[in-house]
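K.L.:
Given next are the chains, with one letter for each unit.
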Amino acid sequence: MALKISKPGLSTSIQDLGRPGYFHLGIPIGGAMDRLALRAANMLVGNPEDAAGLEAVFLGPEIEFTEDALVAVTGADMPIMLDGEPREGWTSFTVKAGQTLSFGFLKTGARIYIAVAGGIATEADLGSRSTYPIGALGGVEGRPVAEGDVIPVGDSGAAGEGQTVSTGLRRGPTNPAELRVLPGLYWNRLTDAAGEGFFEDTWTVAPEADRMGYRFRGGRPLEFVDREQPFGAGADPSNIVDGCYSYGSIQVPGGTEPIVLHRDAVSGGGYFTLGAIISADMDLIGQLQPNTPVKFVKTDMDGALAARRDRRAVLQSIREELA
Amino acid sequence: MKTRYTFGGDEHIYVEMDEEMSLDAFFKSLSMSNAVRAADIPGVTEVCPANASFQVKFDPDVTHPDEMLARIKELESQAETAEKRMTTRIIEIPVFYQDPWTHDCVMRFRERHQDPSGTDLDYAARINGYDSVEAFIEAHHSQPWFVSMVGFVAGLPFLYQLVEREKQLEVPKYLRPRTDTPKLTVGYGGCFSCIYSVRGAGGYQMFGITPMPIYDPEQKASYLKDFMVFFKPGDIVKWKPIDRAEYDRITAAVEANDYAPRIAEVEFDLEAFNADMAGTNAKLMEALDGA
Chain A
12 MALKISKPGL STSIQDLGRP GYFHLGIPIG GAMDRLALRA ANMLVGNPED AAGLEAVFLG
72 PEIEFTEDAL VAVTGADMPI MLDGEPREGW TSFTVKAGQT LSFGFLKTGA RIYIAVAGGI
132 ATEADLGSRS TYPIGALGGV EGRPVAEGDV IPVGDSGAAG EGQTVSTGLR RGPTNPAELR
192 VLPGLYWNRL TDAAGEGFFE DTWTVAPEAD RMGYRFRGGR PLEFVDREQP FGAGADPSNI
252 VDGCYSYGSI QVPGGTEPIV LHRDAVSGGG YFTLGAIISA DMDLIGQLQP NTPVKFVKTD
312 MDGALAARRD RRAVLQSIRE ELA
Chain B
292 MKTRYTFGGD EHIYVEMDEE MSLDAFFKSL SMSNAVRAAD IPGVTEVCPA NASFQVKFDP
352 DVTHPDEMLA RIKELESQAE TAEKRMTTRI IEIPVFYQDP WTHDCVMRFR ERHQDPSGTD
412 LDYAARINGY DSVEAFIEAH HSQPWFVSMV GFVAGLPFLY QLVEREKQLE VPKYLRPRTD
472 TPKLTVGYGG CFSCIYSVRG AGGYQMFGIT PMPIYDPEQK ASYLKDFMVF FKPGDIVKWK
532 PIDRAEYDRI TAAVEANDYA PRIAEVEFDL EAFNADMAGT NAKLMEALDG A
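Heads up: the sequence lines are chains A and B, in that order. This note's numbering numbers the first residue of the first sequence as 12 and each following residue consecutively. This note's numbering numbers the first residue of the second sequence as 292 and each following residue consecutively.
The following block holds chain A by itself, in its conformation from the complex (with noise of 0.2 Å):
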């Protein structure tokens, strides 16, 4: 069993839930951007959770299916066509040898996750089928997938077509998008107005937002406080002794534009970070468009943990309902 793709879409890459363990060399976990949509479409189709599927942004590809499988597509809300036939998202359905899976314009949300029963079975490295082109692993040859390619999908179960995730635990963003964060790092760094203002101002997404990072502008620039710059750190006042960053650490290089580090974020670095978006938010963050407007809304550890706690809750409704 392969699919066969003949439009790659603007950026389609395979992903899993990403490979832990070698941070501390550079290489970042990577994997789904969205953890709980790609969860679902392989439930949806019978697969572990951690299977590998197709992450696709803002267009989707065309896939032509070599033999009968069972399909689900969860996160974004994008048209999908099976021979020109409309399907349901965050639904599962049957695909016949032959038929071609392809995609609308993308109306709300960024990306979408297929699934297909058996999971994708390309080659893992480090434990990992997730695509990080930075450093050539995973994916196809360590690259997103491209018109052409022939990618294998394992041996599948048995689950049937027809099994829904209800819509009340789908997961999209608001207008304005909420993003709390839990204020920490370097969060000394800033004066308290320039801390007041950027939980005041509505940010917008910037054309720069990809599995590295998202950046942000459209907010007052921020003010530091006045200090003689560390030895080593660099002369202008976002400097820092290059550090670890944190998955979701919002780093505001010149205190102009924040950038969240995501998936495949770069492990440290020289800028100063003013906190992180907690864990409960992340897989938002990997639904904003460019030009969406963005509120962060500061918590504390109690809020983080207790949201963290609720998307749990949720994931725990979705194995209950498609069980």
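Just so you know, these hints were derived from the structure itself, not from any lab. Possibly wrong hints are sitting among the right ones.
As the list claims (entries may be wrong) - Below, in silico cross-link-like pairs of lysine to aspartate or glutamate (EDC-like), each with a Cα-Cα straight-line distance of 20 Å or less: (1) B:Lys474 <-> A:Glu152; (2) B:Lys511 <-> A:Glu152; (3) B:Lys516 <-> A:Asp136; (4) B:Lys458 <-> A:Glu239; (5) B:Lys511 <-> A:Glu134.
Assemble chain B onto chain A, guided by the hints.
P.N.:
What follows is chain B alone, placed relative to chain A:
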């Protein structure tokens, strides 16, 4: 040194040994990150040592963040008394300074630089008080360097020069990071040199390029057979300036899988180094002569 503990969201604890860079801060952070690894605290998934700090990634559903913080803090006194010495290796890395590829990139991103009128090397030489770019380059390669962190992107080493603080070179990072940097660029930011292991974004000033691959998932080179990443914290590097002809010769050897750098095993003892930097460095570099 004043240790600062902070959370990076709900899944990371960040520990800064010191705001400023020093080998003492590096050794303490390395000892402490080793101690965290050895302590085997439930829920810890990654321990990442950096120049003067380290980070622990953990699952807060397994161990509560406050409990994790307390467990890590307990290990600090142990790290303070750890020996600041290691058996390591010195590697000679060829560098083609002022090469055409990084020069092209320097020019493409001029508007993101502090001084768009010159090159990164012109700027770095001037703000560090050197009369010429040549004298600055000489200062960059005459004494060895210590790998104090691996990261940013896959396999990229951060290097700290083994000289007195007043001789350390210091430059700011670009005002806004570039979207591109040639693979194997030798860069500089703050007091650190680096080698961009892969092509990609970057904020460091660009001085030259090495023909020696330091990251390869296919592990073609003999010196990458053990793992796809060449460097590890504690490695010592001596830059060797080369010209275009030598660069081309090494590049051809790399392509024929017939290149290996000069490497020698050495001891590094921080106290001995602090007591006699010139003598320690001379001994380190001598070790390369036999390699």
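K.L.:
For every hint, state whether the structure bears it out.
P.N.:
Against the structure, the hints:
Between Lys474 (chain B) and Glu152 (chain A), the direct Cα distance comes to roughly 19 Å. Compliance with the 20 Å bound is thereby established for this hinted pair. Between Lys511 (chain B) and Glu152 (chain A) the CA atoms are separated by roughly 15 Å; this keeps the pair inside 20 Å, and the hint holds. This hinted pair checks out: Lys516 (chain B) and Asp136 (chain A) have alpha carbons roughly 15 Å apart, not beyond 20 Å. Using a Cα cut-off of 20 Å, the hinted pair Lys458 (chain B) and Glu239 (chain A) holds, with the two alpha carbons roughly 19 Å apart.
In summary, the hint linking Lys511 (chain B) to Glu134 (chain A) is supported, as the alpha carbons are separated by about 18 Å, within the 20 Å threshold.
Violation of the numbered hints given earlier is absent; every hint is satisfied by the structure.
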